[in-house]
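Student: The lines below spell out each chain.
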Amino acid sequence: MTTPQSHPAGTTPRTPRGGAEERPSASALRLEETVRVEGASVLATLTRALGSLQLAEDAVQEAAIAALRAWPASGIPDDPRAWLLVTARNKAYDILRRESARPSKENAAALLPHTETTPDTAAMALDQLEPDSSVRDDMLRLIFTCCHPALAPEARVALALRTLAGLEVAAIARAFGVTEQTMAKRLVRTRQKIATAGIPYKVPDDAELPERLPAVLAVVYLIATEAHSPSSGDSVANIDYGREAIRLARLIADLMPGEPEILSLLALLLFTSARQPARVSSGGGMPVLLADQDRSLWERGMITEAVGLLNEAVRRSSGVAGPYQLQAHLAACHAVAPTWADTDWGRIVALYDLMLELGPNPAVALNRAVALGERDGPAAMLAAVDAIDGLGRSHLWHAARADALTRLDRRDEAAAALRTALDLAVAAPDRALLTARLQELTGPRDDPPG
Amino acid sequence: MAVYAALLYLPASEYFETPDPGVAHKPSDSFQQFMAEAIPAGVIKSGEALYQPEMATTITVQGGKGGDAIVTDGPYAEAKEVLGGYFIIEVADLDEAIKWAAKMPPAFEGGKVELRPVLLRQR
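Chains as they are written, first to last, in my numbering: chain A, 1 to 450; chain B, 1 to 123.
Note that these hints are calculated values from the structure, not bench results.
Glycine included, each C-beta is placed from N, C-alpha and C at the ideal position.
You may find that some hints are simply not true.
Label-pair distances were calculated between CB atoms; the ranges are [to be verified]:
1) E78/B x N311/A: 55 to 65 Å
2) L119/B x N311/A: 46 to 56 Å
3) D254/A x Q32/B: 44 to 54 Å
4) V118/B x D254/A: 32 to 42 Å
5) F108/B x A207/A: 10 to 20 Å
6) L68/A x K45/B: 45 to 55 Å
7) M35/B x N311/A: 46 to 56 Å
8) L120/B x D137/A: 25 to 35 Å
9) F108/B x R174/A: 40 to 50 Å
Every beta carbon over 10 Å from chain B, so not counted as near; a handful from chain A, in silico [stated by the list, open to error]:
10) D78
11) A101
12) S281
13) D409
Below are the DMTMM-like pairs computed for lysine to aspartate or glutamate, each with C-alpha atoms no more than 20 Å apart in a straight line [claimed, not checked]:
14) K112/B x E14/B
15) K193/A x E90/B
16) K99/B x E208/A
17) K112/B x E81/B
18) K103/B x E90/B
19) K103/B x E211/A
20) K103/B x E114/B
21) K193/A x D58/A
22) K103/B x E208/A
23) K103/B x D29/B
24) K112/B x D29/B
25) K202/A x E90/B
26) K185/A x E154/A
27) K202/A x D93/B
28) K99/B x D206/A
29) K99/B x E211/A
30) K99/B x E114/B
31) K202/A x D254/A
32) K99/B x E37/B
33) K202/A x D95/B
34) K112/B x E48/B
35) K45/B x D95/B
36) K193/A x D93/B
37) K80/B x E54/B
38) K202/A x E96/B
39) K193/A x E154/A
40) K26/B x E109/B
Produce the complete structure using the sequences and hints provided.
Tutor: Laid out in structure tokens, this is it:
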């Protein structure tokens, strides 16, 4: 499958519409996509003009609904962003008028939290809005506001999915496993915090950027992590997290070209995503571990692009690799290895050592132990696993012990470790995998060792 | 402009030396340094240092307004970090408030600074 690449807001190339080869569902999808991508940039511009994320979001939401209603018949306008901006502006007028007409003006005031903004000045700001005034800066402002470190990480993720990715509240609620009402309340609270705590709507200056960028990249990374291993529940929610994360990373990379950690993060996401077709077994359901994946299923185009991005990141980072670059190097080691056995485990162990220099991290130490096992054998792996503190409640730690013990032919201990892992695992795919391994281990004894 | 209360929390075990009543408290060198920078910048609207929590008296009124005042010694619960003082600051936005908060000594001397936006009062 070729996924359409996202482009910086406002520069989506126009493709011929209504071609005979297009099925209605495909064009409907593209229409929705256009509304989402352009909607985010319109939201950014409107937020700048109004000084209120809440009001801007309400207006853009209404404009999006209008577009989804009008465009199937009229076709996507030549300049969808301009269409949406004009419509959203009019909706904002309507909302302000509606709220001002109420007996109490509290609501209009609540929508415009800044004391210097009144419904009148907001209307003036709307009048002066130029359709194409610096979309790039508006998007950057929105990104840094939504990903401000003063917001809780989950709140940032939810808000980014809503404002930057333009997803419906209902879809985000499903993904978080909460009701739509609960998610709507959380989003309102987050916007309230932005307004009342005085989180500025501005791009950090160059001096501040190194401090602020990690919070932005963490949001993208969290979205991607959720894509790779949903933390709980039976099925992955309706959001294609992997695609959303790559889209956001591309958007940020386009807005801030040359930031090495952004390039590295995008490379990392592409490396990981390229493996996706090989991650699900043909029977479905059970994840296929990296060691067992059919590497011919990996998407080579993505890997090539990721290698190029990573090289560019290395070139621009003047010898100091950031945390995402280290992770991207790791992913690259796997991506270019012909088989699991023929992987450069020495380099992988060295990369994990560099990561651990950034600070103690039991999860990284566990991965290092696995790599060490491939380089130096199961006894070394077991010793390294046992040396890690603080993972007693993690099924991954017990599964890794089981793996080392199995390879040392200490089968009873391995089975016990697998049972403990099974007690601790929550996500259904993880449980299926552990169950299968336990059956394999405790099955007929005369099986030739695998 | 936005107004914040910067609440200064100190580790309970490292509360500053409190003087006897009537004797003026001399701020530590690090606080004097901070104020030498913040006061000319026009950031600080007000601020005070507080005696330690053991000197506190806590009051609740039972049975609604005018009811019995229940007076107890000290704070409600033992806390690892205790409020040691506050500044009221006026700055452009949260980013600027964070910059100043990071310069307040408790933030880098084992305590922490909590920034609370101040509610706009109805006139």
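Student: Taking the earlier hints as the rules, which of them does this structure contradict?
Tutor: No hint contradicted; all consistent.
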